[in-house]
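Generate the whole structure from the sequences, applying the supplied hints.
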Amino acid sequence: MSVHDLTAIELRDRIAAGRIGSVEATRAVLDRIERVDPTVGAYLSVFRDRAIEAAEAVDRRIAAGQRVGPLAGVPVAVKDVMCTSFGATTCGSRILENFHSPYDATAVRRLLAADAVIVGKTNMDEFAMGSSTENSGLKRTVNPWDTSRVPGGSSGGSAAAVAARVCFAALGSDTGGSIRQPASFCGVVGLKPTYGRVSRYGLVAYGSSLDQIGPFGRTVADAALMLEVIAGHDPADSTSVSEDVAPVDGYLANLNQPVEGLRIGVASSFNAGADPAVRQAIDRAVSGYRGAGAQIVEVAMPHLDYAIAAYYVIATAEASSNLARYDGVHYGYRTPNPADYVEVYSKSREEAFGKEVKRRIMLGTYALSSGYYDAYYLKALKVRNLIRGDFVRAFEQCDAICMPVAPTTAFRVGEKVDDPLKMYLSDIYTIAVNLAGVPGISVPCGFDESGLPIGLQVIGPAFSEAKLLRIARMHESRTDWHTKRPAAIERITA
Amino acid sequence: MSDLTYKIIVGLEIHVQLNTRTKMFCGCALRFGEEANSRVCPVCLGLPGALPVMNGQAVEYAILTAMALNCEIAPFTKWDRKSYYYPDLPKNYQISQYDLPLGSNGYIEIPLDDGQTRRIRIRRAHLEEDAGKNLHTAGYHSQVDLNRAGTPLLEIVTEPDMNSADQVRALAVELQRIVRYLGVSEADMQKGHMRFEPNVNLVIERAGQQFKTPIAEVKNLNSFRALERSVAYEAERQLDAFIETGATMQMGNKSTRGWDDVNQVTVLQREKEEAHDYRYFPDPDLVPVMPSAEWLTQIRSRLCELPVQRQVRYVQEYGLSDYDAGVLTADRSTADFFEQAVRAGAASKRVCNLLTQVGLKLANERGRDLAGLGLEPAGVADLAKMIDAGAVSASAGNTILSAMVETGKKPDLLAQELNLIQKSDAGELERVLDQVLAENAAAVAEVTAGGKKSQKARGYLMGQVMQKTRGQANPKIVSELMSKKLGV
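Taken in order, these protein sequences are the chains called A and B. For the first sequence, this note's numbering begins at 1 and goes up steadily by one. For the second sequence, this note's numbering begins at 1 and goes up steadily by one.
Simulated from the structure, these hints should not be mistaken for laboratory data.
Derived lysine-lysine pairs resembling DSSO-like cross-links, with alpha carbons at most 27 Å apart:
| no. | chain 1 | residue 1 | chain 2 | residue 2 |
| --- | --- | --- | --- | --- |
| 1 | B | Lys82 | A | Lys355 |
| 2 | B | Lys82 | A | Lys347 |
| 3 | A | Lys347 | B | Lys133 |
| 4 | B | Lys82 | A | Lys379 |
| 5 | A | Lys382 | B | Lys78 |
| 6 | B | Lys212 | B | Lys254 |
| 7 | B | Lys349 | B | Lys476 |
| 8 | B | Lys78 | A | Lys379 |
| 9 | A | Lys382 | B | Lys82 |
| 10 | A | Lys358 | B | Lys82 |
Simulated DEER-style distance windows between Cβ atoms:
| no. | chain 1 | residue 1 | chain 2 | residue 2 | range |
| --- | --- | --- | --- | --- | --- |
| 11 | B | Ser223 | A | Ala339 | 35 to 45 Å |
| 12 | A | Val392 | B | Met249 | 46 to 56 Å |
| 13 | A | Ala300 | B | Ser38 | 56 to 66 Å |
| 14 | B | Ala293 | A | Asn337 | 53 to 63 Å |
| 15 | A | Ser85 | B | Ser38 | 13 to 23 Å |
Where a beta carbon is used, it is the ideal one built from N, C-alpha and C, also for glycine.
Rendered as structure tokens:
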């Protein structure tokens with residue numbers, strides 16, 4: 001069995017036991033990146049020397065019998081939207097192509113403190129705006145299951161990297177589905193935690209009230225391990241939740257213990273918009289829960305139909321303000337030969353931002369303009385409250401809600417890129433979760449007729465990650481979808 | 001035109017820089033005059049991914065000041081982003097407070113020349129972060145120094161309740177006294193700790209009709225003088241402009257003017273109020289502030305008697321002149337020093353004289369406060385008591401106070417060393433007086449003759465006694481002896 005077939009936890013345990021060196025595992029990953037990534041395009045940067053040095057340090061400490069962290073020696077990847085004090089932090093944008101952060105994001109710091117080996121940073125839709133990673137201003141990433149298809153987005157690089165086994169786990173960020181949807185498209189596990197569970201400090205902001213960092217893994221357990229490492233209060237993020245209010249649970253400890261008296265909620269009418277193959281896979285997964293003794297309850301989610309509209313007002317409003325700082329004055333791309341300082345702004349931004357980013361900045365600017373604020377922004381906030389209410393009421397009847405992650409499986413490269421509205425609609429099942437701030441996970445639950453993976457979305461109440469992971473694990477333990485490998489990649493490495 | 005009368009209407013916006021240890025939303029120390037961009041971090045540089053964290057001390061200072069200004073304190077307040085592009089604003093938005101300011105509907109009592117006070121309403125008081133500074137010293141390129149970026153500013157907005165340049169100045173001075181009293185700002189004008197923006201217009205009555213002139217806002221004034229003069233200038237300018245053009249206030253014809261300190265005139269900056277759209281919205285990176293009752297009680301307990309109240313009390317309680325009371329209450333440490341000396345048993349007027357005639361003069365010369373001179377209230381009280389007991393003369397007292405500052409010694413010791421103990425021994429003084437009377441028969445005659453020259457002659461004789469005793473004779477005793485001997 002190849003080292004790449006190990007899960008992150010299996011690898012970690014073997015490294016800790018001295019059965020395999022972190023250097024060996026890291027080199028294997030770096031070699032595989034060289035072979036596979038020219039095809040997949042998951043990475044924007046690879047830290048070969050740095051990774052090997054980190055791996056050597058772990059091996060030395062293990063050899064010396066010293067204590068090591070819970071991810072000791074495990075090669076992982078980080079979406080290039082999180083600041084690292086090493087390498088560039090580009091956000092997939094030409095405006096930050098050569099930007100080097102002087103500090104590490106809290107989540108990155110926690111990975112390093114857990115002795116993870118960060119092998120590289122992954123491609124993404126520019127500033128996390130997109131659902132296919134096609135909006136990256138720097139690179140194309142394709143789906144490891146079918147290289148003519150998109151990996152999803154915006155965390156497409158991280159999802160593709162985990163699926164192509166060019167890392168053992170990865171971090172992404174999710175504002176409207178950007179972890180769960182690419183996880184679904186790439187056949188891996190992706191978790192968006194509760195808003196406030198993971199510090200946003202050092203996460204380059206898109207929609208600040210929606211953004212949340214979360215893990216990708218090939219298994220629920222690997223995602224649980226990653227979450228355990230990155231979760232927790234951070235005084236540097238005022239919106240990160242105090243552990244007095246919501247303690248970080250041991251997400252791994254009882255992971256394999258099924259939830260007794262489980263009630264699974266389903267919003268049938270809402271799910272009806274998905275492709276038949278997706279619907280069948282979800283129905284099968286829900287039947288699986290019933291088979292495991294769960295009670296299935298129908299929940300009404302009357303306001304979810306308005307989620308996309310509300311989201312594209314709130315997220316773009318925040319984005320228009322968050323992205324104002326990329327102005328060519330202080331850092332990042334600056335237009336050559338500006339006539340005056342106003343041109344420093346207008347031309348730098350015009351030349352270095354991509355189309356979708358400009359579109360969202362304009363949308364958000366419009367929504368916040370005086371005279372329109374009440375009609376758009378304020379109304380969107382009201383809708384957001386109604387959606388929160390839908391979830392609160394639903395969770396009075398059930399422990400978790402099952403629904404599709406996306407209405408389709410991975411679409412073709414270029415298929416939706418010129419039709420932004422169609423692209424936006426592909427986030428119909430994920431966006432409400434961000435608006436409500438609750439956690440959601442995507443776990444593999446089947447394949448369509450083209451052999452493309454389908455994800456099951458399981459959504460829980462705020463700060464219910466421990467239970468949510470156990471529920472996801474109940475599905476995973478009864479199925480083998482997560483063990484399948486993308487054939488396109490197997491052919492390259494064979 | 002002779003039947004024309006007018007009234008000046010002024011409202012004031014004041015920015016006060018709070019002297020917290022660190023910046024408004026990050027841990028950078030508040031220090032100025034250092035190397036450019038040396039007091040910065042990812043947060044105040046507005047780097048990607050950095051997040052603000054509210055400085056609780058700044059909020060406390062702001063609430064304390066708002067309480068001193070009799071404001072209602074908002075039970076729920078929040079932070080809003082105010083968007084505009086300028087190179088000294090690293091995020092291209094300023095974190096401020098828009099529709100829910102921390103304090104509102106307050107008032108401030110300002111002292112008027114006649115000893116009365118006038119109540120000026122405060123519309124709102126809110127907290128915000130300052131921007132950096134653009135430096136235009138490097139030829140074609142400008143440079144940006146972000147050391148000041150993120151400094152906490154308290155913006156106070158009054159209602160248009162002032163009707164003269166004097167009142168505007170009085171408000172500014174009073175506010176400076178208040179924030180210094182509260183210890184929330186050094187309020188050093190030279191360092192730009194207080195910046196003023198008056199909104200000025202006139203209400204003109206002519207031929208039974210009332211006209212309002214267009215409002216002019218004068219930006220960024222950082223001295224009381226400039227504030228006062230710009231308001232006075234605006235009144236004249238607007239009156240002239242009205243007489244010339246008849247232009248009156250309309251929607252959107254508010255202008256923005258700057259103060260030209262060299263020519264002592266205001267200069268037009270923007271004719272029409274541009275349709276500024278700051279696109280305010282709540283900052284999603286910060287949580288709302290809901291001050292608890294306990295917190296507010298704790299802050300309120302630090303509220304002290306304000307200078308204007310203290311000044312009035314000094315006149316009533318200590319019988320001081322309004323002027324002296326004003327001098328003593330100008331800053332809190334002087335007033336506290338004064339009261340401690342009085343509490344140590346000294347007469348208030350005597351302490352007042354010592355402090356205003358000598359103590360504060362020395363303090364000003366050396367740029368310190370009284371305590372900084374090494375003086376202690378108890379020492380000054382002892383000296384005041386010595387003077388009132390006749391042990392030293394009032395003028396010797398002033399000499400001793402200076403010597404106390406120089407040497408740090410106690411007043412009684414200094415009186416001995418400097419030979420300033422008054423001679424109150426009637427026997428000894430009588431011998432000296434007898435000698436003087438014998439030597440100055442002409443003057444004695446003038447005194448006894450009474451009439452016009454009597455007082456002058458008496459003064460002359462007294463002077464001779466002082467000369468012979470090197471100023472140490474107790475004038476009261478000498479005077480009594482003289483009256484007895486000369487029978488007048």
